[in-house]
Amino acid sequence: MSRATESTATLGDLRPGQSCIIVAIGGQGALKRRLVDMGLTPGCRVFLRKTAPLGDPLEINLRGYELSLRRADAKNILVEKV
Amino acid sequence: MAHGNFALPCAIVPRLRRERDQSQDNRSAFWLFISEHCERNGCVLMKIALTGNPNSGKTTLFNLYTGSNQYVGNWAGVTVEKKEGTLSYGGESITLVDLPGIYSLSPYSMEEIITRSVLIDERPDVLIDIIDGSNIERNLYLAVQLMELSVPLVLAVNMMDEVEAKGDRLDCDKLSKLLGVAVIPITARKAKNTQLLLDTAVELARTRDYNPRSPVGSVRYDNNTAQAIRDIYALLWEESRLRELPLWFYASKLLEGDPKAAETLKLDKKTLDQVERLVQAYEATSPYGDRETMLADARYKAITAITDKAMVKQGAEGSLSLSDKIDLVVTNRVLALPIFLLIMFIIFASTFGPVGSFFSDGIEYLLGEVLGGQVTALLDAAQAPGWTYGLLIDAIIGGVGGVLTFLPQIMILFTCLSLLEDSGYMARAAFIMDRLLHKIGLTGKSFIPMLMGFGCTTPAVMAARTMENDRDRKLTIMIIPFMSCGAKLPIYALFAGTFFAAHQGIVVFSMYIIGMLVAILSGLLLKNTLFRGKVAPFVMELPPYRLPSPTVLGRHVWEKCKGFLIKAGTIIFSMSVVIWLLQNFNWSLHLVEDNTQSIFASIGRAIAPLFAPLGFGSWQAAVSVLAGLVAKETVVSSMIVLYGAGSQAELATMLPGVFSSLSAFSFMAFCLLYMPCLSAFVSIKREMNSLKWALGTALFGTGVAYVVSMLIYQIGKFFVA
Numbered sequence: 007m008s009r010a011t012e013s014t015a016t017l018g019d020l021r022p023g024q025s026c027i028i029v030a031i032g033g034q035g036a037l038k039r040r041l042v043d044m045g046l047t048p049g050c051r052v053f054l055r056k057t058a059p060l061g062d063p064l065e066i067n068l069r070g071y072e073l074s075l076r077r078a079d080a081k082n083i084l085v086e087k088v
Numbered sequence: 012m013a014h015g016n017f018a019l020p021c022a023i024v025p026r027l028r029r030e031r032d033q034s035q036d037n038r039s040a041f042w043l044f045i046s047e048h049c050e051r052n053g054c055v056l057m058k059i060a061l062t063g064n065p066n067s068g069k070t071t072l073f074n075l076y077t078g079s080n081q082y083v084g085n086w087a088g089v090t091v092e093k094k095e096g097t098l099s100y101g102g103e104s105i106t107l108v109d110l111p112g113i114y115s116l117s118p119y120s121m122e123e124i125i126t127r128s129v130l131i132d133e134r135p136d137v138l139i140d141i142i143d144g145s146n147i148e149r150n151l152y153l154a155v156q157l158m159e160l161s162v163p164l165v166l167a168v169n170m171m172d173e174v175e176a177k178g179d180r181l182d183c184d185k186l187s188k189l190l191g192v193a194v195i196p197i198t199a200r201k202a203k204n205t206q207l208l209l210d211t212a213v214e215l216a217r218t219r220d221y222n223p224r225s226p227v228g229s230v231r232y233d234n235n236t237a238q239a240i241r242d243i244y245a246l247l248w249e250e251s252r253l254r255e256l257p258l259w260f261y262a263s264k265l266l267e268g269d270p271k272a273a274e275t276l277k278l279d280k281k282t283l284d285q286v287e288r289l290v291q292a293y294e295a296t297s298p299y300g301d302r303e304t305m306l307a308d309a310r311y312k313a314i315t316a317i318t319d320k321a322m323v324k325q326g327a328e329g330s331l332s333l334s335d336k337i338d339l340v341v342t343n344r345v346l347a348l349p350i351f352l353l354i355m356f357i358i359f360a361s362t363f364g365p366v367g368s369f370f371s372d373g374i375e376y377l378l379g380e381v382l383g384g385q386v387t388a389l390l391d392a393a394q395a396p397g398w399t400y401g402l403l404i405d406a407i408i409g410g411v412g413g414v415l416t417f418l419p420q421i422m423i424l425f426t427c428l429s430l431l432e433d434s435g436y437m438a439r440a441a442f443i444m445d446r447l448l449h450k451i452g453l454t455g456k457s458f459i460p461m462l463m464g465f466g467c468t469t470p471a472v473m474a475a476r477t478m479e480n481d482r483d484r485k486l487t488i489m490i491i492p493f494m495s496c497g498a499k500l501p502i503y504a505l506f507a508g509t510f511f512a513a514h515q516g517i518v519v520f521s522m523y524i525i526g527m528l529v530a531i532l533s534g535l536l537l538k539n540t541l542f543r544g545k546v547a548p549f550v551m552e553l554p555p556y557r558l559p560s561p562t563v564l565g566r567h568v569w570e571k572c573k574g575f576l577i578k579a580g581t582i583i584f585s586m587s588v589v590i591w592l593l594q595n596f597n598w599s600l601h602l603v604e605d606n607t608q609s610i611f612a613s614i615g616r617a618i619a620p621l622f623a624p625l626g627f628g629s630w631q632a633a634v635s636v637l638a639g640l641v642a643k644e645t646v647v648s649s650m651i652v653l654y655g656a657g658s659q660a661e662l663a664t665m666l667p668g669v670f671s672s673l674s675a676f677s678f679m680a681f682c683l684l685y686m687p688c689l690s691a692f693v694s695i696k697r698e699m700n701s702l703k704w705a706l707g708t709a710l711f712g713t714g715v716a717y718v719v720s721m722l723i724y725q726i727g728k729f730f731v732a
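For the protein sequence lines, the chains are H and Y, in the order given. The numbering of the first sequence is this note's numbering, which starts it at 7 and goes up by one. The numbering of the second sequence is this note's numbering, which starts it at 12 and goes up by one.
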């Protein structure tokens, strides 16, 4: 991401029960494409529902459905906490 | 084949249709003739394709339309399941193709690439896109991409019962007007409106009355995006050779920076530079500054604008659905693992435990005692020569019968797996287990196939089909054989009982541990070598829990059993005969009196020195290892014959003369790890859809077995001495 954003948090830093608004999607290739295809686009509201029993991956709720992704991948997503 | 009613190879059909459409100048009398012939005789001319997100109810609809007239195979060269079926519509036979479930038309997964190539190259007459009405935004994301393909499109909004139960209202007429394509609300599970859907699709295919306004116009992207797509479209339109292609699709793909699209179009440098300039201008219009994000964002924004108009959500915001409530328990931090392990235990116990073995024993009894007895009686009556007994009873009935005893296990296992898959739990299982398996290059979905490997490698390998990703599936299949299967227990029992009587339990257990350790190390090794850099992102939907449909379940289990029966009846049958021949004939092709003179035994003798560094260089051991390729249980029974022992007990008294404790342990480890049995090998070949990969897996296993056994023996020697 070339442009500076005021947000410092990533989706991977959120705790279960917190919500956020997506600011930007980093990363590249298949992963980035998959994330935006699944609806993780700027402005989308995301709720971190829980983490798996062993701490990873995460379960998030967006656009009315549940998605799971690994914390390391979630760190590519810049968010603004709400 | 019914008379005059043959299915034309699907590749011809689009060409045929094009030729017919353009045949006013009669330039292709041949195609015109075939086309008329087909119309007269009702050949398959119409082809409908089904597409949609995973879990959208596509399979339910496909089964509903085609019933038992379906064929399941693989798409050429890959292991993505290909389903085709026929249905009769007013006397006309229609081909229905079930395309793989996908979320987008990106070029990153096998499923997406296949869908693209079918829709662009084979051009079905009409495309039905199934949309899960309870998750409409993400499902429409695929639909708006499909609209660019200029294949006549009907949207089927499925799960309307769930939408209504939630209290939401979806106005499909409005949706249809806003998108500019036909939209039919259905509930596939209850066959509601499915006839209307079919009527609409067939009508559309016949009239070809599909002239969508430019997809950009009807979906209403923001001005910058719409303009960028239009500009690229105009650029492509200038090249007349491209005009036959779905240019709206390619325009948007070029804007996204899709490498496959640029490759297919073979654009020259000048055009590519022009496209690149348009893209740069587009990227400059947004603070995100990146084409992929911008276009996905534009699509989702346009979709949200549409659904806001067509859908009224009544469901209270933030209220928990039934699915959420189930998940509160099932993926709960504390309860998730116990529940998961309990479910795994139930599946394992019912597949390989009393129930499964009751049916397996039943089949063994029917084939061995009843059928075998009948055949023996017949041969007795005919005074048939001695070798016919061996061929018919030992090789054919024994070989194929031994494989058929897997059938009940496969049925039970796949009933369980289908239940997990269709209910939505499979995704949770992967969610729960991912952390553990991620480290060795696998994903959560590998857990179940690997666990089943402790029962039997054959169904375990088949279970790997539940993994969509090719790389994950291949890696898992290569590792499954290291999970010590049930058939290896008799070997451990004999050797551990003879050499380690005091610590039998620990020694047998150590075999399982060695197997798992080798699996983990192999995972790490393969991840960093053969499968380096091919990691598929683990971004997985957790679909809402749903009641599995009995017909989908039944068909899935039947397909698995059918595939297995065909395999048992063909490849395993012929391999059993070949191995029997090797075991009973010598090099001059004479029937041998005892097996020690056979071709098999001489091969065993030839390779025996290879095993000397592992501690068991006797030819008897080598031949038993070879015999184990048929089935691992055979290792023990072969040894009884080869050492001239009358029984297993007698063999146990003889073994200490030929094995030391150390070489016995090394032999057990070798049997644990070397290439899986014939039936498993054939399954591996089938699931990987490649003989090369199957042979590679077998060689890899045998190589690992050799190295591990040698390490055990050579290092062990220092300690024993």
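Derived from the structure by calculation, the hints contain no laboratory data. Check each hint, because a few of them may be wrong.
[As the list claims (entries may be wrong)] One-sided excerpt, in silico: chain Y residues whose CB lies under 8 Å from chain H:
{"id": "1", "residue": "Ser-115"}
{"id": "2", "residue": "Ala-307"}
{"id": "3", "residue": "Tyr-311"}
{"id": "4", "residue": "Arg-344"}
{"id": "5", "residue": "Phe-549"}
[Unchecked claim] If you anchor each label on the Cβ, the simulated ranges turn out as follows:
{"id": "6", "chain 1": "H", "residue 1": "Thr-14", "chain 2": "Y", "residue 2": "Ala-360", "range": "47 to 55 Å"}
{"id": "7", "chain 1": "Y", "residue 1": "Val-345", "chain 2": "H", "residue 2": "Ser-25", "range": "37 to 45 Å"}
{"id": "8", "chain 1": "Y", "residue 1": "Leu-207", "chain 2": "H", "residue 2": "Gln-34", "range": "26 to 34 Å"}
For clarity, every value in this text was computed on a predicted model and none was experimentally measured. Virtual Cβ for every residue (Gly too), placed ideally from N, Cα, C.
We went through each hint and held it up to the structure:
Nearest Cβ of chain H to the Cβ of Ser-115 of chain Y: about 4 Å, under the 8 Å cut. The hint holds. With a least beta-carbon distance of about 4 Å to chain H, the hint placing Ala-307 of chain Y at the interface is held under the 8 Å criterion. Interface restraint check: Tyr-311 of chain Y against chain H, minimum CB-CB distance 5 Å, threshold 8 Å, status holds. Of the supplied interface hints, the one on Arg-344 of chain Y holds, with its beta-carbon coming within about 5 Å of a beta-carbon of chain H, less than 8 Å.
With a least beta-carbon distance of about 5 Å to chain H, the hint placing Phe-549 of chain Y at the interface is held under the 8 Å criterion. Between Thr-14 of chain H and Ala-360 of chain Y the beta carbon distance is about 51 Å. The supplied range of 47 to 55 Å therefore holds. Evaluation of the 37 to 45 Å hint for Val-345 of chain Y and Ser-25 of chain H yields a failure: the beta carbon distance comes to about 24 Å. Separated by about 44 Å at the C-beta atoms, Leu-207 of chain Y and Gln-34 of chain H break the suggested range of 26 to 34 Å.
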